[in-house]
Structure formats: structure tokens, C-alpha cells
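FYI, in this note's numbering the residues of the sequence shown are 13 to 542.
What the hints contain is simulated information worked out from the structure, not anything from laboratory work. None of these values were measured; they are calculated from a predicted model. Every residue gets a Cβ at the ideal spot worked out from N, C-alpha and C, and that includes glycine. Don't take each hint at face value.
[What the hints assert, rightly or not] When the alpha-carbon atoms are kept at most 25 Å apart in a straight line, the in silico SDA-like pairs for lysine to any residue are as follows: (1) Lys330 x Thr235; (2) Lys330 x Ile342; (3) Lys330 x Thr396; (4) Lys330 x Val394.
[As the list claims (entries may be wrong)] Computed Cβ-Cβ distance ranges for the label pairs, DEER-style: (5) Gly536 x Ser103: 48 to 58 Å; (6) Arg532 x Val355: 30 to 40 Å; (7) Leu245 x Asp360: 31 to 41 Å.
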Amino acid sequence: MNPGSRNATGGDPVPFSSLDAARRTRELARTVGAPAVDVLVVGLGATGAGVALDAAARGLSVAAVDAHDLAFGTSRWSSKLIHGGLRYLASGQLDVAHESAVERGILMERTAVHLVGAQPFVLPLTPLVSRAQAALAWAGFRAGDGLRLAARTARATLPAPRRLSAVETRHLVPGLRGTALRGGLLSWDGRLTDDARLVTAVARTAAAHGARILTRVRALELTASGARVRDELTGEEGEIRARAVINASGVWAGGLVEGIRIRPSRGTHLVLRADHLGDLPTGLHIPVPGESNRFVLVLPQGDGRVYVGLTDEPVEGKIPDVPEVPESDIGFLLDVLGSALDVPVHRDDVVGAFAGLRPLLDTGPGDGSGPRTADISRRHAVLTSAQGVITVVGGKLTTYRRMAEDAVDAAVAAHRLAAGPSTTASLPLVGAASPDVLTSLPAPRRLIRRYGTEAPAVHALGVRDPWLGEPVIEGHPVTRAELLWAVRHEGALDESDLLDRRTRIGVVPADRGAALRTAREVLGAALDPR
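Using the sequences and the hints, build the whole thing.
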């Protein structure tokens, strides 16, 4: 086992970053009913995992629990984009826009270089885009480039926007309707290889700094001094004691702390086969008719699939574990897609769909008469209840690190914890390295973009054992070696963890069904000590 590096207090070496079932069992046993940790984190999406890392990197003792798996909720259902804040600039939220641009630069250039790269987008100037709209969009892209400059993100990291001729536009997006096409606008933003993989990397980095990452542990009740919890694998209940409790449970935050009102907004994506739309070297911005600042995004995934999103619809009633996708969302996205493409896309061409719920903080009167969810600020908030529980809510995936920093700052101040300032703005995640180091690794580029410096080890599994080197299913690049790595090093406990979060095979139901048997075989192989 890698001894790791010494922790922030100069004490014993921190544990290796690998997460597995055995480590979970050991750490759960020494956490429930044991002496208090400094910080208990509830929720292991991007923000919760970020809180665990921020606190652990300051030398605090940390336990982090989730009723399900890493990135089980909203954090696996995003557009996989690391936004620079352009939308917020357009709505006058200058502080949120600048914060987004700064955090994007941190991820792209320091902490997650392997997972976040530059994504080009083409906005086609079709007859449905007026010249006034085109001028507004171009001004927005130029302003977005100004945000890049203000955030001190290098031009080599994010190229400048530029205008495209009609010929250039058709070359980049062959499936566009060519009639009366005036050209296009090319812009760039940050793009994650996979949002759930980001959460996994953050959680493992927290574990390397001593945080106890405990999935399948449900918080039943929170107090300022800890939580009553239940092990969802055994049904056993117990108490975790803590000097500070941080509620980072996203859309479920209001169910654990009184006075927190969440107004969820549903964001839906469709999944299409890439060969249906033809070669797409860039993404697409397709303006939503009647909206000045909303686009449907077309995002090629590099795995034979294309995602089409995004909706922004309010959700009422009980918060589901896995949101359903209504036919109205599918119809809306197909209609907007059809407004720009020459290739017809029908309902039968949709091979999968998924929806995530944005945990927007409801600051309205509480009777549902507030602004529509598309207009609610994405600014995050850190709130302290009368009982002393700290809740962090709102925000978005791009700013998870800053949200976590602010939440830990609040906990340190409120509970007088002995900790210094945050270090996560310069702390590389597991797998991160400079571009030069990454490009020199002896592994396929696809694996490097998912595993960074660990890619050679993942690749070697398949080289040593040809069975592990084979794809999980025909037509999808994920190999059995990646599933084995997920069980042994990334905390995957069952087939759903493997297919729905460590990989994205499961977003297409037919592919998920075809992969289930192999996933079970790999889970069995992971227990084989040979």
C-alpha cells in the first residue's frame, strides 16, 4: 500500500486514496459510536465530497456519509460542462460569473487537468436566429472571453471565440440545415470527461488526506453534535459524533434541517447514438425560440453517444431518488434540435434520457409565486440553523470547490476548530498532472482523460489478462478492467455503482441490460485474491 504523504499537521502518513468495501467496513466500525470527529459531512455529491476534501486538507478529522453512492444525485446528471459564467454575466450576476470563471480555470489548469478540457461549440446562424440575436450572442462570447482574462486563465487553455463562414460551419457540423445558413459563431468552454468521475476523484483525494468516505450510510437525524445513522447494507443504526455538522445533501437538504426551502429545477438530457447525427467534432448551441439567453446543447461524448439538453422546469412534490423524464421534456428538446438539423431525429431515435434536479435555494414567499426556476440565481448559500447545523446549498457543479471552502470556513468559525485557510485551489486531485506528463503516459488517450496518471495501471490490467481487456459490451469503449479498477480502488459496491456512476453504460437501458452479467462477473473477480 502506498504510504501517501504526511498530513497538514505533520503527523502520521495519510492513507492511500483507494476506496473499497473492506476500507468502508473498517472505517465505519471506527466512526459509529466512537469519539467525535471534527467534521461530519452529509452528502457525497460534488459539494459534499469537496467539503470532505477541504476539511481534511486543513488537517481536520472528517467523516462523510451518503445514503447511496458517490455522485448518486444531481452530480451525475449535469451537462458535463464547467461553465465560465457567461449566462450569469448576461443576467447581471457579475460576482457569480467571475467566481465561475475563476473556478473553471482552477479545474482546467491546476486541480483536474486530466478530467477537464476545452470544448468548442458552434452556434449556427440559421434563419431562426435574427441578426440582433446573433449580435447579442457574439457580444456575449466576447464578454465571456473577458471573463477568462479576468480569471487569468491562459489563452492556450481556452481559445478565443471567432466568427465562421457558412462553409466552415457546415464543415464542423455536417448535419446542419444548409438553407439560408449565414455562418456560425465558434466559442469555447470547459468540459468534463465525466461529472461522476470528478466526484470520485474528489472523494478519493479526501480519503488520501484521512477523510472517512462512507457510502450506503443514511443520516436519519442531524444535530449540532452529530447524526443518527443507519448502515443501509446491514440495517444497523448508531451515532456519529462530530464537533461540526455540514449538510451538503443537495435537493434533500430541506428534509434534514428545518427552515431550508429548496426549489428543485429539472434538467433533462436525451441520449442519441452518435452515428445517427454523423461526425460532430464540436458541440452545438441551438437557440431556444422566444428566449434571448437559453440554448439547447448538443454534446458528443466520444463513446458513440451524443447528449442533447437542457431543460429548466420546476419540480413539485416529493424529491425522488432518481428523477423521471417526462415526454414533454423529450418533445421540447427534439423540437429545438429539429429546428437546426437537416437530419430528422424522431422519438424512436432516443435511446436513453436522464434528468437531474438543481438544488436551487427558494428565497421567495414560499407559496410558489416566486420567479421561474430558470431565473433563480445560481449563487450558493451557507446557512446555519438554530441548532447549529451548517447547510450549503444552491450553486452549481463548476463552483463546488468554492462552495466547500465557504462551508468549512463557516464551520471553523462557528465551532472554533483548529484549522488554517483552504488549500484546495492548488491541490491536485487523484490522477491530475501537467499536460506534458499526461501526454507522455503509456496508455490510451481515452483512459488518460478518465484516469489521468492512473491510466497506465488500469491499462495494464487488460494487458496482463486479455479477458479484462475486452469491452464490457460491443460498441462501447469501457473495458472490464475499468470495472475491476472501480471495485478495487473507487469504492464501487454493486452493479449500479459500476454501470451508472463509475461508467455511463447505464444511461442507455438496452446497454445496461447487456452489461449486467459482465458487471456481476467482474464483481466476483474483484473478490478473488489471485
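Is the distance from the Cβ of Arg532 to the Cβ of Val355 consistent with 30 to 40 Å? Given a distance of about 38 Å, which is inside 30 to 40 Å, the answer is holds.
Is the hinted range of 48 to 58 Å satisfied by the C-beta distance from Gly536 to Ser103? Holds, since Gly536 and Ser103 (Cβ atoms, about 52 Å apart) stay within the stated range.
Within a Cα-Cα threshold of 25 Å, do Lys330 and Ile342 meet the stated pairing? With a Cα-Cα distance of about 22 Å, the restraint between Lys330 and Ile342 holds, given a limit of 25 Å.
When you check the alpha-carbon spacing of Lys330 and Thr235, does it fall within 25 Å? Since the Cα atoms of Lys330 and Thr235 sit roughly 23 Å apart, the hinted pair holds (cutoff 25 Å).
Take a look at whether the Cβ-Cβ distance between Leu245 and Asp360 falls inside 31 to 41 Å. Cβ of Leu245 to Cβ of Asp360: about 40 Å, so the range 31 to 41 Å holds.
Going straight from one Cα to the other, do Lys330 and Val394 come out at no more than 25 Å? The hint holds at about 23 Å.
Between Lys330 and Thr396, is the straight-line Cα distance small enough, at 25 Å or below? holds (24 Å)
Comparing the model with each earlier hint shows no violations; every hint is respected.
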